[in-house]
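For the protein sequence lines, the chains are Y and C, in the order given.
Heads up: the first sequence begins at 1 in our numbering, then just goes up one per residue.
Heads up: the second sequence begins at 359 in our numbering, then just goes up one per residue.
A few of these clues could be false.
The calculated label-pair distances, taken between Cβ atoms and stated as ranges, are [said to hold, decoys possible]:
hint: 1; chain 1: Y; residue 1: GLY56; chain 2: C; residue 2: ASP565; range: 41 to 49 angstroms
hint: 2; chain 1: C; residue 1: PRO400; chain 2: Y; residue 2: TYR316; range: 45 to 53 angstroms
hint: 3; chain 1: Y; residue 1: GLU100; chain 2: C; residue 2: SER418; range: 20 to 28 angstroms
hint: 4; chain 1: Y; residue 1: LEU183; chain 2: C; residue 2: SER706; range: 38 to 46 angstroms
hint: 5; chain 1: Y; residue 1: GLY56; chain 2: C; residue 2: LYS479; range: 34 to 42 angstroms
hint: 6; chain 1: C; residue 1: SER418; chain 2: Y; residue 2: SER6; range: 15 to 23 angstroms
hint: 7; chain 1: C; residue 1: LYS479; chain 2: Y; residue 2: SER348; range: 54 to 62 angstroms
hint: 8; chain 1: Y; residue 1: SER348; chain 2: C; residue 2: SER418; range: 39 to 47 angstroms
hint: 9; chain 1: C; residue 1: ASP695; chain 2: Y; residue 2: LYS121; range: 49 to 57 angstroms
hint: 10; chain 1: Y; residue 1: GLU29; chain 2: C; residue 2: PHE700; range: 54 to 62 angstroms
From chain Y, some residues computed to sit far from chain C (all C-beta separations above 12 angstroms) [as the list claims (entries may be wrong)]:
hint: 11; residue: ASN61
hint: 12; residue: THR63
hint: 13; residue: THR217
hint: 14; residue: GLN287
According to the in silico footprint, chain Y covers these stretches of chain C (three or more CB under 8 angstroms from chain Y) [stated by the list, open to error]:
hint: 15; region: 374 to 382
hint: 16; region: 407 to 421
hint: 17; region: 448 to 457
hint: 18; region: 495 to 508
hint: 19; region: 540 to 554
hint: 20; region: 652 to 663
In short, the hints are calculated from the structure, not lab data.
Where a beta carbon is used, it is the ideal one built from N, C-alpha and C, also for glycine.
There are 2 protein chains.
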Amino acid sequence: MNSDLSSQQVKDIGEQGLLKRLQRFCPPEIIGDDAAVLETVPGQSLVVTTDVLVDGVHFSNFTTSPEDAGWRSAAANLSDLAAMGASPLGITIGLGLPGEVKVSWVERLYQGMTECLQKYKTPIVGGDVVRSPVTTLAITAFGQVNSSQIIRRSAAVVGDAIVVTGVHGASRAGLELLLHPELGENLNNEEKTTLIRAHQRPQPRLDVLPILWKILTPNSFTNAINQSCTDAINRVCTQLPIAGMDSSDGLADAIIQICRASGVGAVLECRQIPLPKTFNHWLTQEQALAYALYGGEDFELVLCLPQELALALVQYLGEGAAIAGRITAKSTVILHDEQKKFPDQVLSLSQGFQHFGQ
Amino acid sequence: MNSDLSSQQVKDIGEQGLLKRLQRFCPPEIIGDDAAVLETVPGQSLVVTTDVLVDGVHFSNFTTSPEDAGWRSAAANLSDLAAMGASPLGITIGLGLPGEVKVSWVERLYQGMTECLQKYKTPIVGGDVVRSPVTTLAITAFGQVNSSQIIRRSAAVVGDAIVVTGVHGASRAGLELLLHPELGENLNNEEKTTLIRAHQRPQPRLDVLPILWKILTPNSFTNAINQSCTDAINRVCTQLPIAGMDSSDGLADAIIQICRASGVGAVLECRQIPLPKTFNHWLTQEQALAYALYGGEDFELVLCLPQELALALVQYLGEGAAIAGRITAKSTVILHDEQKKFPDQVLSLSQGFQHFGQ
Numbered sequence: 001m002n003s004d005l006s007s008q009q010v011k012d013i014g015e016q017g018l019l020k021r022l023q024r025f026c027p028p029e030i031i032g033d034d035a036a037v038l039e040t041v042p043g044q045s046l047v048v049t050t051d052v053l054v055d056g057v058h059f060s061n062f063t064t065s066p067e068d069a070g071w072r073s074a075a076a077n078l079s080d081l082a083a084m085g086a087s088p089l090g091i092t093i094g095l096g097l098p099g100e101v102k103v104s105w106v107e108r109l110y111q112g113m114t115e116c117l118q119k120y121k122t123p124i125v126g127g128d129v130v131r132s133p134v135t136t137l138a139i140t141a142f143g144q145v146n147s148s149q150i151i152r153r154s155a156a157v158v159g160d161a162i163v164v165t166g167v168h169g170a171s172r173a174g175l176e177l178l179l180h181p182e183l184g185e186n187l188n189n190e191e192k193t194t195l196i197r198a199h200q201r202p203q204p205r206l207d208v209l210p211i212l213w214k215i216l217t218p219n220s221f222t223n224a225i226n227q228s229c230t231d232a233i234n235r236v237c238t239q240l241p242i243a244g245m246d247s248s249d250g251l252a253d254a255i256i257q258i259c260r261a262s263g264v265g266a267v268l269e270c271r272q273i274p275l276p277k278t279f280n281h282w283l284t285q286e287q288a289l290a291y292a293l294y295g296g297e298d299f300e301l302v303l304c305l306p307q308e309l310a311l312a313l314v315q316y317l318g319e320g321a322a323i324a325g326r327i328t329a330k331s332t333v334i335l336h337d338e339q340k341k342f343p344d345q346v347l348s349l350s351q352g353f354q355h356f357g358q
Numbered sequence: 359m360n361s362d363l364s365s366q367q368v369k370d371i372g373e374q375g376l377l378k379r380l381q382r383f384c385p386p387e388i389i390g391d392d393a394a395v396l397e398t399v400p401g402q403s404l405v406v407t408t409d410v411l412v413d414g415v416h417f418s419n420f421t422t423s424p425e426d427a428g429w430r431s432a433a434a435n436l437s438d439l440a441a442m443g444a445s446p447l448g449i450t451i452g453l454g455l456p457g458e459v460k461v462s463w464v465e466r467l468y469q470g471m472t473e474c475l476q477k478y479k480t481p482i483v484g485g486d487v488v489r490s491p492v493t494t495l496a497i498t499a500f501g502q503v504n505s506s507q508i509i510r511r512s513a514a515v516v517g518d519a520i521v522v523t524g525v526h527g528a529s530r531a532g533l534e535l536l537l538h539p540e541l542g543e544n545l546n547n548e549e550k551t552t553l554i555r556a557h558q559r560p561q562p563r564l565d566v567l568p569i570l571w572k573i574l575t576p577n578s579f580t581n582a583i584n585q586s587c588t589d590a591i592n593r594v595c596t597q598l599p600i601a602g603m604d605s606s607d608g609l610a611d612a613i614i615q616i617c618r619a620s621g622v623g624a625v626l627e628c629r630q631i632p633l634p635k636t637f638n639h640w641l642t643q644e645q646a647l648a649y650a651l652y653g654g655e656d657f658e659l660v661l662c663l664p665q666e667l668a669l670a671l672v673q674y675l676g677e678g679a680a681i682a683g684r685i686t687a688k689s690t691v692i693l694h695d696e697q698k699k700f701p702d703q704v705l706s707l708s709q710g711f712q713h714f715g716q
């Protein structure tokens with residue numbers, strides 16, 4: 001760590017440190033979620049999210065075909081919209097390319113993006129192509145949400161159930177199998193393909209939104225709001241009784257970020273975290289939990305909502321979705337084992353991803 | 359030029375060639391202007407534009423301070439919104455940075471962006487920071503426009519006057535002075551500073567929009583529409599009687615692009631193109647015209663509209679704005695000299711910017 005501020009370099013403070021320093025240039029009410037929110041006309045909000053992906057850092061031809069790199073980049077941005085409750089309107093793509101890149105590589109990248117986007121009826125509405133010494137992909141996705149249905153990280157209240165919308169750890173397992181095929185010798189081909197597919201073709205959970213709006217009938221909404229008003233003071237009573245984000249940086253990161261933003265804690269039941277079935281006969285429980293908590297890129301939603309709504313949501317979502325914990329009044333996120341084979345563990349972000357690290 | 363399609367590289371077809379190839383992935387009705395347009399609620403449209411800037415290609419520490427690089431990148435995107443008639447809502451910034459970049463450099467970049475954005479009340483609403491071997495800046499700007507006031511390239515009709523909102527060539531002259539200070543020996547310091555400032559701190563012409571809406575009174579609007587309906591079949595009569603774009607790639611490029619999109623031609627009067635006063639005693643007329651037509655980055659607006667509206671607009675805008683030509687039924691854009699010192703010249707894009715070129 002360099003103590004002379006004027007010569008401090010980006011690598012000295014890391015990606016998160018720099019983002020924090022740059023937040024002073026942004027209006028504080030706009031940032032802090034998976035995407036920014038701007039009210040455009042009364043009652044309607046625009047949700048905007050942006051990602052930059054660099055060859056060799058975020059994708060590589062070794063583990064990822066251009067089609068898969070395209071799919072994954074589109075899916076990651078759509079997932080950010082889903083995490084905010086927003087329906088996608090479109091995306092823009094900024095490309096930096098060395099002159100030596102094959103045109104067919106770029107077309108295959110766009111093919112993969114389009115395959116993902118078409119599934120969610122999202123058009124590519126524009127872009128820029130420029131010369132660059134390194135292949136760089138900058139995606140901005142924007143969506144629309146009824147202003148009363150914005151899902152924020154900061155809205156969790158004590159007593160909420162924590163719902164995860166699908167299994168965790170599959171994407172990381174798939175990546176490991178691509179990098180080290182020998183790890184998969186105890187798996188059959190179908191099992192390997194399923195995990196690798198989870199890494200290459202993650203599904204943004206936009207399908208969860210209509211289910212959420214369905215279970216939030218005026219009646220359940222009012223009940224939940226009344227309950228929240230009794231229970232907590234930090235959820236404004238006109239807000240949606242749901243907090244959430246996606247698990248793009250891992251399940252642990254998602255729960256910790258929600259708790260930080262909401263000023264609450266959580267208990268996560270380690271045996272309630274939905275894992276790929278394959279993990280049972282392939283990984284130790286520690287390894288399986290490490291993939292699920294810190295692996296990242298599963299692009300599931302992590303939602304905190306009143307118990308009755310959580311039960312309804314899990315029932316609608318079916319297999320894979322589960323109530324994996326609850327929000328507490330503590331300031332920590334605890335990983336708890338109801339079978340008491342492991343002692344309680346405090347989860348922390350330092351085990352998660354940190355780019356620029358020395 | 360490589361004839362084997364499968365091994366064709368980006369440099370073989372260039373930036374524009376690649377963009378054209380990628381357009382098949384975009385809905386045709388959305389593209390073709392300075393920014394994409396999406397109707398979000400009836401009567402209101404969202405306008406989105408994106409730019410990628412790469413260190414050493416689009417900016418360099420040699421001619422541009424980080425503050426100026428920030429200002430210019432923000433101004434370029436706001437100019438695209440102005441060109442569509444849209445008021446800015448916000449921008450997102452994606453940054454790719456080598457770990458060795460100084461934190462103070464990034465903060466100075468943001469300082470410059472913020473200075474420009476604040477002038478136009480535009481918030482930075484989010485972003486991404488990632489590790490990259492080359493400093494890369496991806497900006498996406500969002501704006502809003504009444505759907506009946508969208509300015510498109512394709513709406514020019516025969517007989518329209520071509521209005522330019524300010525002088526052209528200043529930005530390119532400023533860049534030349536930065537690169538080759540010896541060129542400025544016939545200029546005094548104030549003259550040099552004015553030209554260099556035009557390059558470093560271009561002003562997006564968002565100020566033109568309220569003037570446009572003012573001259574488009576219901577009366578003038580109806581008159582113009584009636585005139586258009588008599589004159590031409592290619593402007594739908596409910597549309598705004600104005601075509602336009604910004605002159606970020608030079609005045610010639612702007613007029614050619616408008617003519618192509620509208621299926622018309624134009625005559626540009628070379629003595630009516632507003633030039634910086636300094637050019638009179640500093641450059642030959644050929645050099646001055648080359649800077650104005652092909653220099654680029656002046657970020658003025660080029661608007662085609664009925665003569666009576668054009669006269670009103672130029673009067674409101676005052677010094678610098680001028681009617682520089684008219685739209686014709688031909689398929690070419692002709693540079694004409696009313697003093698007949700030069701023969702008519704057909705303007706072409708091949709003299710303009712083309713990146714990736716071999």
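Cross-check of the supplied hints:
| no. | hint | in the structure |
| --- | --- | --- |
| 1 | GLY56/Y x ASP565/C: 41 to 49 angstroms | 44 angstroms, holds |
| 2 | PRO400/C x TYR316/Y: 45 to 53 angstroms | 32 angstroms, violated |
| 3 | GLU100/Y x SER418/C: 20 to 28 angstroms | 22 angstroms, holds |
| 4 | LEU183/Y x SER706/C: 38 to 46 angstroms | 59 angstroms, violated |
| 5 | GLY56/Y x LYS479/C: 34 to 42 angstroms | 39 angstroms, holds |
| 6 | SER418/C x SER6/Y: 15 to 23 angstroms | 22 angstroms, holds |
| 7 | LYS479/C x SER348/Y: 54 to 62 angstroms | 40 angstroms, violated |
| 8 | SER348/Y x SER418/C: 39 to 47 angstroms | 42 angstroms, holds |
| 9 | ASP695/C x LYS121/Y: 49 to 57 angstroms | 53 angstroms, holds |
| 10 | GLU29/Y x PHE700/C: 54 to 62 angstroms | 57 angstroms, holds |
| 11 | ASN61 | 15 angstroms, holds |
| 12 | THR63 | 18 angstroms, holds |
| 13 | THR217 | 25 angstroms, holds |
| 14 | GLN287 | 27 angstroms, holds |
| 15 | 374 to 382 | holds (count 4) |
| 16 | 407 to 421 | holds (count 9) |
| 17 | 448 to 457 | holds (count 9) |
| 18 | 495 to 508 | holds (count 4) |
| 19 | 540 to 554 | violated (count 0) |
| 20 | 652 to 663 | violated (count 0) |
Of the numbered hints listed earlier, those contradicted by the structure are 2, 4, 7, 19, 20.
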